[in-house]
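Place chain B on chain A using the hints.
Protein chains: 2
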Amino acid sequence: MRLSSQLDIQIEDVEHSLMQQAQARLDHLTKPLGSLGRLESLAKQIVGITRTATPRLSQKVIITMAADHGVAQAGVSAYPQVVTQQMVANFLRGGAGINVLARHVGARVVVVDMGVAGDLPSHPDLVSRKIGYGTRNITQGPAMTTEQACAAIQTGRDIVVHEVARGVDIIGTGDMGIGNTTASSAITAAMTGTPVEQVTGRGTGIDDSTYARKLYAIQQALAVNMPDPSDPLDVLTKVGGFEIAGLVGVILGGAQARLPVVVDGFISGAAALIAVGLESRVKNYLLASHLSQEPGHCRVLESLGLKPLLDLDLRLGEGTGAALAISLAEAACKVLTEMTTFEEAGVAGKVT
Amino acid sequence: MRLSSQLDIQIEDVEHSLMQQAQARLDHLTKPLGSLGRLESLAKQIVGITRTATPRLSQKVIITMAADHGVAQAGVSAYPQVVTQQMVANFLRGGAGINVLARHVGARVVVVDMGVAGDLPSHPDLVSRKIGYGTRNITQGPAMTTEQACAAIQTGRDIVVHEVARGVDIIGTGDMGIGNTTASSAITAAMTGTPVEQVTGRGTGIDDSTYARKLYAIQQALAVNMPDPSDPLDVLTKVGGFEIAGLVGVILGGAQARLPVVVDGFISGAAALIAVGLESRVKNYLLASHLSQEPGHCRVLESLGLKPLLDLDLRLGEGTGAALAISLAEAACKVLTEMTTFEEAGVAGKVT
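As you go down the protein sequences, you meet chains A and B in turn.
One rule links them: number in this note's numbering = place in the first sequence (from 1) + 322.
One rule links them: number in this note's numbering = place in the second sequence (from 1) + 322.
Chain A extracted, bound-state conformation (with noise of 0.2 angstroms):
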């Protein structure tokens, strides 16, 4: 029995009539056929997730994730492991990157400790679901146990579960956790069958030595583990991390819930790749936020069959990608009902 199996994912297809409907609408509204591009099939998309002829995107939430990773040790990154923590604490301040952006655009931070190496002080505004103290270095064996992974993923589900509770349109996937993209590509390169080099960058901008240690570690973590790309979940056991594990339960939790889930760079996209791994129909309930500057972000797009609807040379994570995006996913919904047709303006139509 694959040990997916326990997991008991149940997504849905999307609602293929009501798509149907939507581009009927968008063919009738006060616009050349066609001529908002990618507004229109990403509100088409919005209708069908969510069953809805007429989406409204109102209540949004970015859900950031932090863990720390024993591959820190091995010395491939430019910070120390510290500023995981601290960043949680700048996250629970307002003063990051994913604040200011998620604020832009009308969007709540959910911010989670699925690991960070050291105890949070408590916080109104932290929800704290620790699987461990960091990862195991995934250089010597594999990052967590298979009872970690799935209750990381059951701790994303169940936020996802309890967002919607507190009402929910769409959600925005982030991520915290010096280290982190050096899993992301161990799960890239594991998962899509990638040399390591091509899905292996700078990360928050390491030099070259630290650059070639990266890919050492990356290398070993893939010959001692061995993951197996036929089963994501013991891909993500062995490489993973349990902010990345944490994202896979929200992106499932997402699709379940019929949600929209904007997935942001590189991080996330890992654990997209995981995610639809685990259960295909998955893929229909994202939307690419950005193309990250990480290399190995654009092999994972390709293996989703995905197409960023930004590329701004975004590398921080947090979800700041997912936010822009989010915003643009609105706008759509707003194209779709908000626009008068041709009819209700009383604009002629095309005479050629």
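Please note: incorrect hints may appear among the correct ones.
Which copy? The list can't say, so a pair holds if one copy fits it or any two copies do.
[To be verified] Result set (EDC-like, lysine to aspartate or glutamate): computed pairs, CA atoms no more than 20 angstroms apart in a straight line:
1. Lys452 with Asp441
2. Lys452 with Asp330
3. Lys672 with Asp530
4. Lys605 with Glu334
5. Lys605 with Asp330
6. Lys605 with Asp335
7. Lys672 with Asp529
8. Lys452 with Asp335
9. Lys672 with Asp349
10. Lys452 with Glu519
11. Lys452 with Glu469
12. Lys672 with Asp330
13. Lys452 with Asp480
14. Lys452 with Glu660
Because the hints were derived from the structure by calculation, they are not lab data.
Just chain B now, with coordinates in the frame of chain A:
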């Protein structure tokens, strides 16, 4: 004497020392160096344009100019000419794409009749500055007189002055005019020396025979008028349009008022080609909102040396791309002014 000298264009250079200060602050914010990519360069540019260390883009205005084109008689569009005035009425009722997207980003839309071929009912939100009832057919002679071109440019500049008095922090450009991709292709071919076929697209969605007529009309317009690429005002006069000339004025006026000007798509881009041709310093004040599906737009942006912020397969015009990009510009300024620095947040810096 070049005709353009009578326009008395005075554009200052952007403020480089403040841009350096902005870069220094961006480099201290709690994020890896440069990790917010184009948002960072955008913030820096806006600091330079506005001469403000902490710019706020709270007052956003999109100036959407409408006019008709005599060349519509040549059967170059999929829609009848009356659609121009019907769409102006739609703008005033708030049901068009630009209304929806401008509301989404918190921008006002200023609708200007620069030369619609019909009398529009007066409306409190319509700025009536009709230069004529549509241009003349460019396949038979110049679109307008030099006096008309100068008057239209001056109108655009005056409207910006008026908006500055009301309070505005950023301007977006927009257009409406059946036949105006034909004029814009002619301008682009003339100004950049690119073959007509490479800068001519399907506009609102024309069929093959209409496309053949459109190509022929543009070639004829260039052959009959022989616009002089070294004299942008000559090009504008001979193959332009009243709304395009008005937008040239908006762009010049925006730069003169030290405002960031967000250029919409192909038609606004053709206006930018003329404006930058008249005064090259204007270029530093421009933000290219998106890459239109119109093939000529790519050539326009190349020629201006501008990289679009968005690529969403839009080809509606009206200022819709500018509206979406204005939101990114605002986000960029908030990154600069609202994010905390490493020092303020007590977050450790790089170790390698």
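Now the hints, each set against the structure:
no. : hint               : verdict
1   : Lys452 with Asp441 : within (9 angstroms within a copy, 68 angstroms between copies)
2   : Lys452 with Asp330 : neither (23 angstroms within a copy, 66 angstroms between copies)
3   : Lys672 with Asp530 : between (59 angstroms within a copy, 15 angstroms between copies)
4   : Lys605 with Glu334 : within (11 angstroms within a copy, 51 angstroms between copies)
5   : Lys605 with Asp330 : within (17 angstroms within a copy, 57 angstroms between copies)
6   : Lys605 with Asp335 : within (10 angstroms within a copy, 49 angstroms between copies)
7   : Lys672 with Asp529 : between (58 angstroms within a copy, 11 angstroms between copies)
8   : Lys452 with Asp335 : neither (33 angstroms within a copy, 53 angstroms between copies)
9   : Lys672 with Asp349 : within (12 angstroms within a copy, 52 angstroms between copies)
10  : Lys452 with Glu519 : neither (32 angstroms within a copy, 61 angstroms between copies)
11  : Lys452 with Glu469 : within (14 angstroms within a copy, 72 angstroms between copies)
12  : Lys672 with Asp330 : neither (51 angstroms within a copy, 42 angstroms between copies)
13  : Lys452 with Asp480 : within (14 angstroms within a copy, 61 angstroms between copies)
14  : Lys452 with Glu660 : neither (43 angstroms within a copy, 30 angstroms between copies)
Of the numbered hints given earlier, the model fails hints 2, 8, 10, 12, 14; all others are met.
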